[in-house]
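Peer 1: So the chains spell out like this:
Number of protein chains: 2
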Amino acid sequence: MALIVHKYGGTSMGSTERIRNVAKRVAKWARAGHQMVVVPSAMSGETNRLLGLAKELSPAEQTAAMLRELDMIASTGEQVSVGLLALALQAEGMQSVSYSGWQVPVKTDSAFTKARIESIDDLRVRADLAAGKVVVITGFQGIDAEGHITTLGRGGSDTSAVAVAAAMKADECLIYTDVDGVYTTDPRVVPEARRLSTVSFEEMLEMASLGSKVLQIRSVEFAGKYRVPMRVLSSFTSWDIPIDEEAKSGTLITFEEDEKMEQAVVSGIAFNRDEAKVTVVGVPDKPGIAFQILGPVAEANIDVDVILQNVSHGGRTDFSFTVHRNDYQRTLDLLRNQVVPALGAAEVAGDPKICKVSIVGIGMRSHVGVASKMFGCLSEEGINIQMITTSEIKTSVVIDEKYMELAVRALHKAFDLDQAAA
Amino acid sequence: MALIVHKYGGTSMGSTERIRNVAKRVAKWARAGHQMVVVPSAMSGETNRLLGLAKELSPAEQTAAMLRELDMIASTGEQVSVGLLALALQAEGMQSVSYSGWQVPVKTDSAFTKARIESIDDLRVRADLAAGKVVVITGFQGIDAEGHITTLGRGGSDTSAVAVAAAMKADECLIYTDVDGVYTTDPRVVPEARRLSTVSFEEMLEMASLGSKVLQIRSVEFAGKYRVPMRVLSSFTSWDIPIDEEAKSGTLITFEEDEKMEQAVVSGIAFNRDEAKVTVVGVPDKPGIAFQILGPVAEANIDVDVILQNVSHGGRTDFSFTVHRNDYQRTLDLLRNQVVPALGAAEVAGDPKICKVSIVGIGMRSHVGVASKMFGCLSEEGINIQMITTSEIKTSVVIDEKYMELAVRALHKAFDLDQAAA
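Residue numbers (the numbering used here), protein chains in the order written: chain S, 1 to 422; chain F, 1001 to 1422.
The hints are simulated quantities; they were obtained by calculation from the structure and are not laboratory data. Since the model is a prediction, treat every value here as computed from it, not as a measurement. You may find that some hints are simply not true.
Listed below are the simulated DSBU-like cross-link pairs for lysine-lysine, each with C-alpha atoms no more than 35 Å apart in a straight line [claimed, not checked]:
id, chain 1, residue 1, chain 2, residue 2
1, F, K1225, S, K55
2, F, K1055, S, K114
3, S, K225, S, K286
Chain F regions said to be covered by chain S (calculated; three or more residues, Cβ under 8 Å) [claimed, not checked]:
id, segment
4, 1016-1022
5, 1053-1061
6, 1066-1075
7, 1095-1109
We treat Cβ as the ideally placed atom computed from N, Cα and C, and that holds for glycine.
With the rest of the complex left out, here is chain S (with noise of 0.2 Å):
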C-alpha cells in the first residue's frame, strides 16, 4: 500500500463526463489498496470565464487590494471542481472528501497572483486517509498568514500537488495531463520525437524552463527541493486499463543518478520563440556597465534571460541580451530614453524575430565535445548562430526564428534521438 497523489489538468476535467472518469480511475487506485489524494484543476475555459469578468470591472491601477480580489474570484474555480470530484466519487462508492486550500490549510506568502506555498498542515488530511477516505484538495490556491486567499499563478494546480506530495511523502506523485509524457522535442515539429520514459530532475527543470510547457517550471523545482518522484502520464487512456501497466507509462521524473549511465548524453531539444534579443552598441569598456544596463532593466520588473558581452574593440563593446517578446518594445525604449545617454552608449539595436533552441542532457556533464556538435550540425545546415549560453547540462543557442523548425529537427537526428531506446 502506497501514498499516491494525483493531479488532473483543467482538460481532464473539462465536463461532468469526464470527472466521472477521473473518478472512475481514482476509484481504481485506491481499490487496488492504495490512499488516495486528488489535485483537481479547475474545469477547462474556467478560470479565463473567472478572470474575464474580473478584468471587466477592474480599476486601471494594479493594487494589491484587486489583485487580492482576484484571487479571491479565480479561487472559486478549483473549488467547484475538488466538490464535484468528491461526488464523483461518492458515486462511485468511496467515502471522499473535498478541501479547499485554506482548509487544509496550504499556507503561503501574501503574494497575490503569484504566491509561494510556506507550509502544508497535512493533519486532516491523514485523519482523512486513515478513516479511508478519498481526499480531493484544490489546486492553485491557498490561504496567507492574515486569512486571505491567495492563488499561485497560472499552473500553479502542478505545483500545489507536488507540494503536498512532498508535505505528505507520497510515494509518487502523478500529474495527468492531456500528453501521454515527456517527448525528446515537440511531436507537432518533429513526427519522429520519442517519449522519454524517465527523465532526470535537472533535465526536466531545464527542459520546463526552456518552453517545454508539458509541467510548470515551480512544481520540478518543488519536487527536486522535496525529492518527489514525480510521474507525466496522460489522462486520455481509458480509466480501466490495468494499473500496473498504467502505474509504468508515461515519463517518471527521477533523482538516481545511476540511471542515467546507460542513456544518450542528451536527452531532449527544448525550443522558445517567446524571445526577442535586443543589443546596446558602442559602449565604453568599463566595469560596472552590465549593472548599468540591466539595473533599470530589472527595475522595470522585465525578466533577461539569455545575457551576453563581448570582448572590447578600441575600449568599446557591444552588449546583448534577451526578453519576453510582450516586454521587448519597453526595453528598447527604456534602453533608448534612459541608458543610452547615461552610458554614452552609441546606439541600440534588436530583433524580436530570433527564438532560442537548446540541447538538454545530463549526460553533457561527463562527455566533452556535445556543444561542439551542436554547432558543426548547426553550421552544415547554414544556420548563423546569434548568441550562445551554456550549463552543465544545457546548451542553448539563439538563431533567426525563421531556421527554428529546421534546427530542432536537425539537432534531434544528430543526437540521435529518433532512434536510441530511453
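With the hints as your guide, set chain F onto chain S.
Peer 2: Showing chain F alone in chain S's frame:
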C-alpha cells in the same frame, strides 16, 4: 453617519454592467458619509448552474458527506460575486474588501444545505469600516465548528444580510430586489394592488410564510428577533436617484406598534397554491389520534401546514391536514400503508388541487368581525370554504384552486385595499 447594510439579489448582480451599477449606488451611499456593508447574491443563474453540475455527478443516496460537497460547490457563486463587486467598487475609487462566510466568520450549525447562523464575529469588518473601506460579504453561507463550508438554503442571502445587520447593530438593512416593495397582494393577480410604505414585522412574517415571495421568511424572523429595521426596495431605479428619495422608497418593515394605529385593519392578501389536502376518514375518536397520524408524517420529514379535526359523530371523526404538493403522493402512501391499518380508520381521501388564501393585518387584533367579513365575501362569490385556520393577525381559508384569483380579487376589494393610502 449611519451604518447601513445593502443586500442585492441575483438579478441585480446578473452581469458586469449591472454589478457596475450596484457599485455606483453603494459608492453614492458611502460618499454621503455612511459606513457600508454589502451582501450580494450569486449572479443570477449561477447557483442553478453549479447545482446542475453537482446533480449530474451526485450519488443516489443523499448523505451528509454529499450535502457537504453541494455546499462546497454552491458557495462559490457568492464568492465570485463579492470579489467582482469589490473590484467594481475599487474602480469607482472606493476602498473595498470582500470576505467569504468563513473569513468573517459567519458561524453556523452543521446542517449542510440548510444551516442556521449561530454567531457572526464583526471584529474584522468593523476594523475595515473604521479604515474607510466598503466591506462586501458573501450571502448564503458560513462555516461550521469543524471548518466545513455550509449554506443557508435558497434565499439565504436575505438572512445573511439581516444577520450581519443584527450583529453589527446596523441602522438599517436595505434589501434591493426586483420588486419595488411589499404589495397588498400580487399585482399579477390584482392590478389594483398597492405598495405598502410600511408593514409591521408580524404582518411581513405572515405574508412571507403565506407565499409572498418578496423576502425569505427566515430573514424576517431574524429581523424580528434582533429588531433590525429592514427595507425592501427596487434595484431597478437609476443608481443616481437622490439618496434622500431612495432612502424613503420601497417598504419599511417596522417594529413600532404606534405607527400602525392609522392603518387599515387588513394590510394584505396572501395566497399559496403549493399545498395539497389529505383527510383520514373515519378515525376512532380517542386521545392521541393527532399524534398517531402526524407522528409518522413528521418522521418522514414531511411538513404539515393547516391541521383540522372536526367534532366526532358516532365515535368517529375526520382528520384533515395540508402538506406541500411535492409531498402529496408520499403522504397518501404513508397514511394508507402505515397509519390507516394501525389506527383502524376507514380510508384516506386527498385533493391536490387546493389553494390557501389569507387576509393579514395587525389591526385584526383589535377589530372583531374581520373573519366573518372574509367568509361573507367568499360566500357572495359562491366559493366554498374547505378549511379555516386563524392566528391573531391572519385568517386563512383553503378553497378549490380554480377560485384562487377570484377570491383574492374579491377580498382585496372587500377590505378596500385598492383605495386606502398606506
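Peer 1: Can the segment 1095-1109 of chain F be counted as covered by chain S under the rule of three residues or more with Cβ-Cβ separation shorter than 8 Å?
Peer 2: holds (count 7)
Peer 1: The segment 1053-1061 of chain F covered by chain S? Criterion: 3 or more residues, Cβ-Cβ distance below 8 Å.
Peer 2: holds (count 7)
Peer 1: The segment 1066-1075 of chain F covered by chain S? Criterion: 3 or more residues, Cβ-Cβ distance below 8 Å.
Peer 2: Holds: 7 residues of the segment 1066-1075 of chain F have a Cβ under 8 Å from chain S.
Peer 1: Against the 35 Å threshold, does the CA-CA distance of K1225 (chain F) and K55 (chain S) hold or violate the hint?
Peer 2: Distance ~41 Å between K1225 (chain F) and K55 (chain S) Cα, so the pair is violated.
Peer 1: Taken at face value, is the distance from the CA of K286 (chain S) to the CA of K225 (chain S) at most 35 Å?
Peer 2: Violated, at about 39 Å.
Peer 1: Straight-line Cα separation of K1055 (chain F) and K114 (chain S) no greater than 35 Å?
Peer 2: holds, 33 Å
Peer 1: Within the assertion that chain S covers the segment 1016-1022 of chain F, do at least three residues meet a Cβ-to-Cβ distance smaller than 8 Å?
Peer 2: holds (count 3)
In this structure, the earlier hints numbered 1, 3 are contradicted, and the remaining ones agree with it.
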